[in-house]
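The primary structure of each chain is shown beneath.
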Amino acid sequence: MTDTVVTEPSAVVAEITPARPSVPKRGFGSRVVSAAVSALPPLAVFAFLIGLWYALNAWVVRPKFLLPRPDQIISDGFMNDLTRQQIIDGVWQTSKVVVTGLVIAAAIGIAWAVAMSLGTWIQRSTYPYAVILQCIPILAIVPLIGVWFGYEFKARVVVCVMIALFPMVSNTLFGLQSVDRSQYELFQLQRAERWTVLTKLMFPAALPAIFVGLRTSAGLSVVGAIVGDFFFQRGTPGIGALLQTYARVLDYTQLFAAILVAALLGVAMFGLFGLLSKLVVGRWYEPVK
Amino acid sequence: MALTSPATPSVATTPPGTLIDFRDVAMRFPNGTVALSGVDVNVRRGEFVTVVGPSGCGKSTLLRIASGLERASEGTVTVNTDRIGFVFQDATLLAWRDVQRNVELLAELAGERKNKRRAKADAAIELVGLSGFEKHLPKQLSGGMKMRTSLARSLTLDPELFLFDEPFGALDEITRERLNDELIRLFVKQGFAGMFITHSVSEAVYLSTKVVVMSGRPGRIVKTIDIPLPMPRDPDVRYTAEFAELVGEVSHALREGHA
Ligand SMILES: Nc1ncnc2c1ncn2[C@@H]1O[C@H](COP(=O)(O)OP(=O)(O)O)[C@@H](O)[C@H]1O
Ligand SMILES: [Mg+2]
Numbered sequence: 177m178t179d180t181v182v183t184e185p186s187a188v189v190a191e192i193t194p195a196r197p198s199v200p201k202r203g204f205g206s207r208v209v210s211a212a213v214s215a216l217p218p219l220a221v222f223a224f225l226i227g228l229w230y231a232l233n234a235w236v237v238r239p240k241f242l243l244p245r246p247d248q249i250i251s252d253g254f255m256n257d258l259t260r261q262q263i264i265d266g267v268w269q270t271s272k273v274v275v276t277g278l279v280i281a282a283a284i285g286i287a288w289a290v291a292m293s294l295g296t297w298i299q300r301s302t303y304p305y306a307v308i309l310q311c312i313p314i315l316a317i318v319p320l321i322g323v324w325f326g327y328e329f330k331a332r333v334v335v336c337v338m339i340a341l342f343p344m345v346s347n348t349l350f351g352l353q354s355v356d357r358s359q360y361e362l363f364q365l366q367r368a369e370r371w372t373v374l375t376k377l378m379f380p381a382a383l384p385a386i387f388v389g390l391r392t393s394a395g396l397s398v399v400g401a402i403v404g405d406f407f408f409q410r411g412t413p414g415i416g417a418l419l420q421t422y423a424r425v426l427d428y429t430q431l432f433a434a435i436l437v438a439a440l441l442g443v444a445m446f447g448l449f450g451l452l453s454k455l456v457v458g459r460w461y462e463p464v465k
Numbered sequence: 322m323a324l325t326s327p328a329t330p331s332v333a334t335t336p337p338g339t340l341i342d343f344r345d346v347a348m349r350f351p352n353g354t355v356a357l358s359g360v361d362v363n364v365r366r367g368e369f370v371t372v373v374g375p376s377g378c379g380k381s382t383l384l385r386i387a388s389g390l391e392r393a394s395e396g397t398v399t400v401n402t403d404r405i406g407f408v409f410q411d412a413t414l415l416a417w418r419d420v421q422r423n424v425e426l427l428a429e430l431a432g433e434r435k436n437k438r439r440a441k442a443d444a445a446i447e448l449v450g451l452s453g454f455e456k457h458l459p460k461q462l463s464g465g466m467k468m469r470t471s472l473a474r475s476l477t478l479d480p481e482l483f484l485f486d487e488p489f490g491a492l493d494e495i496t497r498e499r500l501n502d503e504l505i506r507l508f509v510k511q512g513f514a515g516m517f518i519t520h521s522v523s524e525a526v527y528l529s530t531k532v533v534v535m536s537g538r539p540g541r542i543v544k545t546i547d548i549p550l551p552m553p554r555d556p557d558v559r560y561t562a563e564f565a566e567l568v569g570e571v572s573h574a575l576r577e578g579h580a
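Read top to bottom, the protein sequences are chains A and B. Numbering follows this note's numbering, with no gaps: position 121 of the first sequence is 297. Numbering follows this note's numbering, with no gaps: position 56 of the second sequence is 377.
Honestly, the hints are just simulated from the structure, not real lab data. Every residue, glycine too, gets a C-beta built ideally from N, C-alpha and C. All the pointers check out, no bait thrown in.
Here are some, though not all, of the chain B residues that point toward chain A, as calculated from beta-carbon distances under 8 Å: (1) Ser388; (2) Leu390; (3) Phe409; (4) Ala416; (5) Ala431.
As a list, the in silico BS3-like pairs of lysine-lysine whose alpha-carbon atoms are at most 25 Å apart: (6) Lys454(A) to Lys460(B); (7) Lys510(B) to Lys531(B); (8) Lys376(A) to Lys435(B); (9) Lys510(B) to Lys437(B); (10) Lys454(A) to Lys376(A); (11) Lys376(A) to Lys437(B); (12) Lys330(A) to Lys272(A); (13) Lys456(B) to Lys454(A); (14) Lys460(B) to Lys376(A); (15) Lys441(B) to Lys376(A); (16) Lys437(B) to Lys456(B); (17) Lys544(B) to Lys531(B); (18) Lys441(B) to Lys456(B); (19) Lys510(B) to Lys441(B); (20) Lys272(A) to Lys454(A); (21) Lys460(B) to Lys441(B); (22) Lys376(A) to Lys456(B).
Between the sequences and the hints, there should be enough to build the whole structure, so can you do that?
Here's what the structure looks like:
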């Protein structure tokens, strides 16, 4: 026997199957058309909801100012220079709180989960507290957080961390522990150290789950920042403080504008981490459909 | 000195050329399941030993004991090499690494330098016929190509003893037969000894120099059958009377063991 196994490269090539059923190559035009087609259902729902909104305003809700029309929200809420500036400042403040809280929650959550995956005794002794943390009614202790951390930026961030921590811990832990057993044994056969197994196998394998955690926590962090605003009046107010002010003065167009922006902030966070996830793990990750 | 401790696979003197020797090995799991009982098997240099048996009879367990992943609860296991390759039932590729970096993994874990492990990986990739696919990710590969990658990864260890746990079980027949031929070529070229698990009788006869037939659980050895067909195999040997007879003999032994 002289030769290697490479007797007929074409045989190997014949074995390749594309990862996804291949779509025949299409021109730019038809891709635009298919994008439009896939955007159609959500747009239809959007149109329906806007229509419903106008209908409620016209025939159901009395007095009408309790549910201002969408065009009024845009003209009074966003086209009004003062309100627009207030909202932009509020979003900026809230975003700072949200991002700081999320980064801290992610750092603590990932570190905690990694520690738990390295030692079962760490998991056994500390995981119950992660669960308990999740079960504390946050509204009940927000006033306490104010007392302890001073009703300003710091206190707001603490609220975000408390709300956002659990999904980070649980998703990361789930990801770390969902490593395939034979892959783990492959490392074991090479007598790899725990740390090597963690960095070269468990952590990369956990990345998709970590991103799921980040997405969930990002949304919760927005909620946390707004809740913080409701309770803490000192420091620079965020979008939550604006919501309260507008509600108090019964300015419903501005109130709705602020609610809309708060919701959009959550959606933007969700989208941002979805995108980030695609960039980091989308190249290799194949979700089971 | 043959160690009587069942705990660790150990180095000891056995007939020359013996790479692994199981003597009266039994396996009882902590939950009470008895997977193996009184098993004697050995694999020598130049041999390709295939173990066939009904599913659940303890074939994987036998291989896991050979690799050191599991410890036999009774008997002696003597291992005379530290260069053991293990190919799992699934390709167990790391999804985030391309073919090249997957193949490099074991050398990387052994702490080898980048240049050296790259060279090893390239050689192994060439051996399994995957040149040109170095930058492909696992999700872009067919089942057969994933298995080739997995084979290449173990080849970087330059194993003296190669353990295979039903590696081609999930592949279609055409791919499986092709990989059988390539495995035989590697066996002849690289000179490793093989211990191969399968539940396909014809695959067992085709690949091996010796077929070991196991009974249903708890797995015992029913019969050991030498396969005197010339190596490397001619694919057409499958259609000879001699081959059919050997297949028949293995099948009979399997049926007896099952009763
Ligand atoms: N870690 C374990 N604990 C308990 N029982 C096990 C364990 N591993 C395998 N078994 C049992 O031992 C028997 C043999 O398993 P295995 O060696 O995987 O069989 P095979 O590979 O021949 O199909 C099976 O009944 C299986 O359920
Ligand atoms: Mg098995």
